[in-house]
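J.: Next come the chains, spelled out residue by residue.
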Amino acid sequence: MLTELANTLERLDPSQKFYWLISAIALLLLIASTVGWMLKRRLLAKQNPSEKSQKVINNLISRVNAWWVMVVILVIAFLAGKLGTIVLFGFISYFALREFLTLTPTRSGDHRTLSLAFFLLIPLHYYLIYTDWYGLFSILIPVYAFLLMPCISALAQDTEYFLERAAKIQWGVMVAIYCISHAPALLLLPIANYAGQNTLLLFYFLLIVQLSDVLQYVFGILFGKTKVAPIVSPNKTLEGLIGGGLSAVLVGAGLWWITPFTPLQSAGMAAIIVVMGFLGGLVMSAVKRSLGAKDWGSIIEGHGGMLDRMDSVSFSAPIFFHLVRYFFTP
Amino acid sequence: MLTHVTRLVMIGLVRLLIGANPRWVDAAPNLSQSIYFTNHTSHLDTWALWVALPAQIRAKTRPVAAKDYWSKGLIKRFIALKILNAVLIDREVSRHADPLAPLIEALDAGDSLIIFPEGTRKAQAEPSDFKGGLYHLAEAFPQVKLIPVYLDTLHRSMPKGSILPVPIICTVRFGAAVSLQQQERKKEFLARARSAVLRLI
Numbered sequence: 346m347l348t349e350l351a352n353t354l355e356r357l358d359p360s361q362k363f364y365w366l367i368s369a370i371a372l373l374l375l376i377a378s379t380v381g382w383m384l385k386r387r388l389l390a391k392q393n394p395s396e397k398s399q400k401v402i403n404n405l406i407s408r409v410n411a412w413w414v415m416v417v418i419l420v421i422a423f424l425a426g427k428l429g430t431i432v433l434f435g436f437i438s439y440f441a442l443r444e445f446l447t448l449t450p451t452r453s454g455d456h457r458t459l460s461l462a463f464f465l466l467i468p469l470h471y472y473l474i475y476t477d478w479y480g481l482f483s484i485l486i487p488v489y490a491f492l493l494m495p496c497i498s499a500l501a502q503d504t505e506y507f508l509e510r511a512a513k514i515q516w517g518v519m520v521a522i523y524c525i526s527h528a529p530a531l532l533l534l535p536i537a538n539y540a541g542q543n544t545l546l547l548f549y550f551l552l553i554v555q556l557s558d559v560l561q562y563v564f565g566i567l568f569g570k571t572k573v574a575p576i577v578s579p580n581k582t583l584e585g586l587i588g589g590g591l592s593a594v595l596v597g598a599g600l601w602w603i604t605p606f607t608p609l610q611s612a613g614m615a616a617i618i619v620v621m622g623f624l625g626g627l628v629m630s631a632v633k634r635s636l637g638a639k640d641w642g643s644i645i646e647g648h649g650g651m652l653d654r655m656d657s658v659s660f661s662a663p664i665f666f667h668l669v670r671y672f673f674t675p
Numbered sequence: 118m119l120t121h122v123t124r125l126v127m128i129g130l131v132r133l134l135i136g137a138n139p140r141w142v143d144a145a146p147n148l149s150q151s152i153y154f155t156n157h158t159s160h161l162d163t164w165a166l167w168v169a170l171p172a173q174i175r176a177k178t179r180p181v182a183a184k185d186y187w188s189k190g191l192i193k194r195f196i197a198l199k200i201l202n203a204v205l206i207d208r209e210v211s212r213h214a215d216p217l218a219p220l221i222e223a224l225d226a227g228d229s230l231i232i233f234p235e236g237t238r239k240a241q242a243e244p245s246d247f248k249g250g251l252y253h254l255a256e257a258f259p260q261v262k263l264i265p266v267y268l269d270t271l272h273r274s275m276p277k278g279s280i281l282p283v284p285i286i287c288t289v290r291f292g293a294a295v296s297l298q299q300q301e302r303k304k305e306f307l308a309r310a311r312s313a314v315l316r317l318i
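Going line by line, the protein sequences match chains A and B. Residue 675, in my numbering, is where the first sequence stops; the numbers in between run on with no holes. Residue 318, in my numbering, is where the second sequence stops; the numbers in between run on with no holes.
It is worth saying that the hints were derived from the structure and are not from the lab.
If you only want the chain B side, here are some residues facing chain A, beta carbon under 7 Å, derived:
#1 P276
#2 S279
#3 L281
#4 V283
#5 P284
#6 I285
#7 I286
Examples of chain B residues toward chain A, derived with CB under 10 Å:
#8 L134
#9 I135
#10 G136
#11 N138
#12 T270
#13 H272
#14 M275
#15 P282
Here the structure is a predicted model, which means the values were calculated and not measured. Cβ atoms here follow ideal geometry from the backbone N, Cα and C, with glycine treated the same way.
So here's chain A without its partners, still in its complex pose (with noise of 0.2 Å):
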């Protein structure tokens, strides 16, 4: 029986698949809806409802809501094709990358290498991935631009912390551009009997990454007693790492239909990125809590910033990306 119904779906040709996992997650969403409306209700209800619960509701429809936001966007751009799923991950890049300079101080010797980096280096970043040439798209900012950004703002013959100054700039270009690119850089992986397929493996990965942030989030909530990271982070707990790591693992599993992998390696796919995405979480919270904000911007209804939302993605994309090019292309 079961062993039939995993045939069944393995059967299915990549659009009868894309079309049922959006409807999975129309489902997803559409509970979720439903669960926060009945919350407010019951809330209402209520005499004097305390201001944190209605604050933890409130905030959980407009997250809702802006998911709802997200997956149609996402999903609009995967009908595109590859040029559609690669502006709007520019566009998350150049929003990300917004932020991220917005808190961070620069100078003004630092004007034009910043403009260069918005205008010239994303699009060039991303063309690269259109053309399928991994082997620039892999060094252009880990070799040339992190060798010629500080040239160009030496150039401008300011000295005043000057080394701070580059090394914030290369870090901003590093976790906005060159790591989230790697999430739509799988389209541009020759899989082994995978072809035409890569789409469902991007979906794939933003489906793990972004359901461990949320059931996280919901373990958190619902069990969280042991904070993880208090200082970094007072909102991750250990039971809401494992509850909704866990949980994440096994959706992971349970998706292999889509992937190139069997069910144990998607298990184990789906865990290394629940971990990655974890850290990177914690590690974009210091390093916003250094620059001395909360959120990284407010562009995502209930989220804050888009790096509110991209963080996880950018520690687990490049690693995600390099397992599946090592062990499953030619």
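Take the given structure of chain A and dock chain B to it, following the hints.
T.: Quick look at chain B alone, frame taken from chain A:
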């Protein structure tokens, strides 16, 4: 039609570039006739403030801009006169004409204004001393609300002399209205107006 579409496109571009998110500090958006005065650090200032205003208020608010810059060339003229509906003033002070005359005319007609009391762009986070125009307008139009505004990041987005901008999110902070006190001297009033902007930093 063309004006309308161009206006929407410009608003979209400004949001894409610098966000221009409004934040009303100790104040709420108000439809009554107002003069918004703010620090001046870049060519993006007018755009940021104009985009940050709620649409209804934006429709009746006119930025004040330099005639010598904005009346050169068809596109600039189109943007200044049709898109922004700007009030153009002479920066060269002439002995015969009152430089504030176009502003007074606009205020008489019931429009709101966006002005930069420092006069020219400064490459710094804190505004420098205000010129007298704001005082004369406050004196002549006591019923008009004077609203201090602070633009926080535009000296980083497009400092004087730069060609390309850098996308950095600008938060446009609106403060509580300032009004001219009875028998308040020009210098005191201008210092108080400036400190109302500084308080928003």
